[in-house]
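Asker: Go by the hints and put chain B onto chain A.
Protein chains: 2
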Amino acid sequence: MTNKNHKDLPGKTIERLSQYRRLLYNILQQNKHNVYSHELAALMNLTPVQVRRDLMLIGHSGSQSKGYNVKGLITLIGRIIDSETGQKVAIAGLGNLGRAIMSYFSGKREKLSIVAGFDNDTQKTERIIAGIPCYHINKIQEVIAKENISIVILTVAPEAAHEVARLFLDAGVKGILNYTSVPLTLPDNIHLEEYDIVTSLEKLAFLVKE
Amino acid sequence: MTNKNHKDLPGKTIERLSQYRRLLYNILQQNKHNVYSHELAALMNLTPVQVRRDLMLIGHSGSQSKGYNVKGLITLIGRIIDSETGQKVAIAGLGNLGRAIMSYFSGKREKLSIVAGFDNDTQKTERIIAGIPCYHINKIQEVIAKENISIVILTVAPEAAHEVARLFLDAGVKGILNYTSVPLTLPDNIHLEEYDIVTSLEKLAFLVKE
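These protein sequence lines are chains A and B, in that order. If you count the first sequence from 1, position 153 lands on 556 in our numbering, and the numbers rise without skipping. If you count the second sequence from 1, position 104 lands on 507 in our numbering, and the numbers rise without skipping.
Honestly, the hints are just simulated from the structure, not real lab data. Treat each hint with caution, since some may be false.
Below, computed lysine-lysine pairings styled on DSSO-like, alpha-carbon distance capped at 27 angstroms [to be verified]:
{"id": "1", "chain 1": "A", "residue 1": "LYS542", "chain 2": "A", "residue 2": "LYS577"}
{"id": "2", "chain 1": "B", "residue 1": "LYS410", "chain 2": "A", "residue 2": "LYS612"}
{"id": "3", "chain 1": "B", "residue 1": "LYS612", "chain 2": "A", "residue 2": "LYS549"}
{"id": "4", "chain 1": "B", "residue 1": "LYS549", "chain 2": "A", "residue 2": "LYS612"}
{"id": "5", "chain 1": "B", "residue 1": "LYS612", "chain 2": "A", "residue 2": "LYS542"}
{"id": "6", "chain 1": "A", "residue 1": "LYS415", "chain 2": "B", "residue 2": "LYS415"}
{"id": "7", "chain 1": "B", "residue 1": "LYS491", "chain 2": "B", "residue 2": "LYS542"}
{"id": "8", "chain 1": "B", "residue 1": "LYS511", "chain 2": "B", "residue 2": "LYS577"}
{"id": "9", "chain 1": "A", "residue 1": "LYS410", "chain 2": "B", "residue 2": "LYS612"}
{"id": "10", "chain 1": "A", "residue 1": "LYS612", "chain 2": "B", "residue 2": "LYS415"}
{"id": "11", "chain 1": "B", "residue 1": "LYS514", "chain 2": "A", "residue 2": "LYS612"}
{"id": "12", "chain 1": "A", "residue 1": "LYS415", "chain 2": "B", "residue 2": "LYS612"}
{"id": "13", "chain 1": "A", "residue 1": "LYS511", "chain 2": "B", "residue 2": "LYS612"}
{"id": "14", "chain 1": "A", "residue 1": "LYS474", "chain 2": "B", "residue 2": "LYS612"}
{"id": "15", "chain 1": "A", "residue 1": "LYS549", "chain 2": "A", "residue 2": "LYS511"}
{"id": "16", "chain 1": "A", "residue 1": "LYS612", "chain 2": "B", "residue 2": "LYS577"}
{"id": "17", "chain 1": "B", "residue 1": "LYS435", "chain 2": "A", "residue 2": "LYS612"}
{"id": "18", "chain 1": "B", "residue 1": "LYS549", "chain 2": "A", "residue 2": "LYS491"}
{"id": "19", "chain 1": "B", "residue 1": "LYS577", "chain 2": "B", "residue 2": "LYS549"}
{"id": "20", "chain 1": "A", "residue 1": "LYS527", "chain 2": "B", "residue 2": "LYS511"}
{"id": "21", "chain 1": "A", "residue 1": "LYS577", "chain 2": "B", "residue 2": "LYS549"}
{"id": "22", "chain 1": "A", "residue 1": "LYS612", "chain 2": "B", "residue 2": "LYS542"}
{"id": "23", "chain 1": "B", "residue 1": "LYS577", "chain 2": "B", "residue 2": "LYS491"}
{"id": "24", "chain 1": "B", "residue 1": "LYS514", "chain 2": "B", "residue 2": "LYS435"}
{"id": "25", "chain 1": "B", "residue 1": "LYS435", "chain 2": "B", "residue 2": "LYS474"}
{"id": "26", "chain 1": "A", "residue 1": "LYS612", "chain 2": "B", "residue 2": "LYS511"}
{"id": "27", "chain 1": "A", "residue 1": "LYS491", "chain 2": "A", "residue 2": "LYS511"}
{"id": "28", "chain 1": "B", "residue 1": "LYS491", "chain 2": "A", "residue 2": "LYS612"}
{"id": "29", "chain 1": "B", "residue 1": "LYS612", "chain 2": "A", "residue 2": "LYS514"}
{"id": "30", "chain 1": "A", "residue 1": "LYS514", "chain 2": "A", "residue 2": "LYS410"}
{"id": "31", "chain 1": "A", "residue 1": "LYS511", "chain 2": "B", "residue 2": "LYS549"}
{"id": "32", "chain 1": "B", "residue 1": "LYS410", "chain 2": "B", "residue 2": "LYS514"}
{"id": "33", "chain 1": "B", "residue 1": "LYS527", "chain 2": "A", "residue 2": "LYS527"}
{"id": "34", "chain 1": "B", "residue 1": "LYS511", "chain 2": "B", "residue 2": "LYS527"}
{"id": "35", "chain 1": "B", "residue 1": "LYS415", "chain 2": "A", "residue 2": "LYS410"}
Bound-form chain A, shown alone (with noise of 0.2 angstroms):
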């Protein structure tokens, strides 16, 4: 199992394996060195058979008696949701949520990371916001290709939604991220992870109310 490709793992199960990695992480911060799949299934309000499941379609499997060695498993999680050589990932629009996911994510990730944000005010760009060099929007093509970022993040304005997409996908981007409240129809080799916080915030008010 461990030598194939694992191209067919359910999206589902690859946004567990990068919560196990965050709460490996944590935990060895804690100079804990072992974890038991039920302490991992608490943490993540899971069964214990499912983590145990989802850690066996990577190809390991804990000790009895010892459970899981965290080091390995961060490892091990690594070799399969990350890109070898890492990936680049641009941010398109510096407005407030722009400017929070750059300086909440900057230096989480050895093999992700965000190094180009854009921006059509110039008063944001030409200029490092969060450490992260921030240009105007007529230098996608030039620095999508300098830098060879594959993944965009776009907290733009919901007018410029489907200008700046067609922008990254024209200069080469295969993924985007997107916080806008305006659906998109991209290509079918084009990955899309959609985000909007008021549909969350909506879903939540109606299971709140009486």
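Answerer: Then chain B, alone, in the frame of chain A:
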């Protein structure tokens, strides 16, 4: 169907109703008063059949020739997902992300409003940010009760997530939208929506890598 309690609608349907309504507001702004299921479907990357099924679930059927009445549909969706009296929301954590959400959401919905911010940093409190009064976390109990706040959006540092969530639950909040990277375990009567930026980005990066 319209007279029954809609509490049993699936979460995914609620999410889509919220998204339909957002699109309908945009359509109305363009002075368009009718919309076909295939137009909504194209905007949402759904099939027209899915759109018609969702809207039939809430008791609405369009006319073959003219489609759906935009204003009527906005009103109907509001009747299902909004609370009649309105609901109040607090934000905990007034960093970049908290402030981004405050300004993003401000005035977007009549029946759902962010009415208070909280932080433990006195530099950020006892003042008004994006029109919203911000308080020290030692005022949680008092403000939540006085304002009758039922939902909190959590954007605090990971190490504070559990403790701050607990303070809001003790104050009577019924729903938490968790933007920290820490999964929360909450009592069964509390509603929880979780979202983590790193996970979305890592999942997308996995899909994009060669």
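Asker: Does each hint fit the structure? Answer for all of them.
Answerer: Going down the list of hints, with the structure as the test:
Proximity of A:LYS542 to A:LYS577 is assessed by CA-CA distance (about 18 angstroms); at most 27 angstroms being required, the pair is judged to hold. Distance check on the hinted pair: B:LYS410 and A:LYS612 sit about 9 angstroms apart at the alpha-carbon level, within 27 angstroms; holds. With a C-alpha separation of about 18 angstroms, the suggested pairing of B:LYS612 with A:LYS549 holds against the 27 angstroms cut-off. Taken as a hint, the B:LYS549 and A:LYS612 pair is honoured in the structure, with Cα atoms around 18 angstroms apart against an allowance of 27 angstroms.
A threshold of 27 angstroms between alpha carbons decides the hint, and for B:LYS612 with A:LYS542 the separation of about 24 angstroms falls inside it, so the pair holds. Only pairs whose Cα atoms come within 27 angstroms are accepted, and A:LYS415 paired with B:LYS415 is accepted, the gap being roughly 16 angstroms. Restraint check for B:LYS491 and B:LYS542: the C-alpha separation of about 16 angstroms stays at or below 27 angstroms, so the hint holds. A distance of roughly 22 angstroms separates the Cα atoms of B:LYS511 and B:LYS577; the hinted pair therefore holds under the 27 angstroms criterion.
The suggested pairing of A:LYS410 with B:LYS612 holds, with an alpha-carbon distance near 9 angstroms, which does not exceed 27 angstroms. With a C-alpha separation of about 17 angstroms, the suggested pair A:LYS612 and B:LYS415 falls inside the 27 angstroms cut-off, and the hint holds. Distance check on the hinted pair: B:LYS514 and A:LYS612 sit about 11 angstroms apart at the alpha-carbon level, within 27 angstroms; holds. Straight-line distance between C-alpha atoms of A:LYS415 and B:LYS612 comes to about 17 angstroms, which keeps the hinted pair within the 27 angstroms bound.
Under the criterion of a C-alpha separation no larger than 27 angstroms, the hint pairing A:LYS511 with B:LYS612 is consistent with the structure, at around 19 angstroms. For the given pair, A:LYS474 sits about 24 angstroms from B:LYS612 by alpha-carbon distance, which is consistent with the 27 angstroms threshold. At most 27 angstroms may separate the alpha-carbon atoms for a hinted pair to count; A:LYS549 and A:LYS511 meet this at roughly 23 angstroms. A hinted pair counts as satisfied when its Cα atoms are at most 27 angstroms apart, and A:LYS612 with B:LYS577 qualifies at roughly 9 angstroms.
About 32 angstroms separates the Cα atoms of B:LYS435 and A:LYS612, which puts this hinted pair outside 27 angstroms; it is violated. A distance of roughly 47 angstroms separates the Cα atoms of B:LYS549 and A:LYS491; the hinted pair therefore is violated under the 27 angstroms criterion. Between B:LYS577 and B:LYS549 the alpha-carbon distance is near 15 angstroms, which keeps this suggested pair within the 27 angstroms criterion. Restraint check for A:LYS527 and B:LYS511: satisfied, since their Cα atoms lie roughly 25 angstroms apart, inside the 27 angstroms limit.
Distance hint between A:LYS577 and B:LYS549 is unfulfilled; the C-alpha atoms sit about 49 angstroms from each other, more than 27 angstroms. With a C-alpha separation of about 24 angstroms, the suggested pairing of A:LYS612 with B:LYS542 holds against the 27 angstroms cut-off. A threshold of 27 angstroms between alpha carbons decides the hint, and for B:LYS577 with B:LYS491 the separation of about 11 angstroms falls inside it, so the pair holds. Between B:LYS514 and B:LYS435, the direct Cα distance comes to roughly 24 angstroms. Compliance with the 27 angstroms bound is thereby established for this hinted pair.
Pair hint B:LYS435 plus B:LYS474 holds up; C-alpha atoms about 10 angstroms apart against a cutoff of 27 angstroms. Distance restraint check for A:LYS612 and B:LYS511: the Cα-Cα separation of roughly 19 angstroms lies within the 27 angstroms cut-off, and the hinted pair is therefore satisfied. In summary, the hint linking A:LYS491 to A:LYS511 is supported, as the alpha carbons are separated by about 13 angstroms, within the 27 angstroms threshold. Among the hinted pairs, B:LYS491 with A:LYS612 is consistent with the structure: their alpha-carbon atoms are about 11 angstroms apart, no more than 27 angstroms.
Straight-line distance between C-alpha atoms of B:LYS612 and A:LYS514 comes to about 11 angstroms, which keeps the hinted pair within the 27 angstroms bound. Taken as a hint, the A:LYS514 and A:LYS410 pair is honoured in the structure, with Cα atoms around 18 angstroms apart against an allowance of 27 angstroms. Between A:LYS511 and B:LYS549 the alpha-carbon distance is near 39 angstroms, which puts this suggested pair outside the 27 angstroms criterion. The suggested pairing of B:LYS410 with B:LYS514 holds, with an alpha-carbon distance near 18 angstroms, which does not exceed 27 angstroms.
Of the pairs offered as hints, the one joining B:LYS527 and A:LYS527 holds, with about 24 angstroms between alpha carbons and a cut-off of 27 angstroms not exceeded. Proposed proximity of B:LYS511 and B:LYS527 is supported: the alpha carbons are some 24 angstroms apart, at most 27 angstroms. Taken as a hint, the B:LYS415 and A:LYS410 pair is honoured in the structure, with Cα atoms around 26 angstroms apart against an allowance of 27 angstroms.
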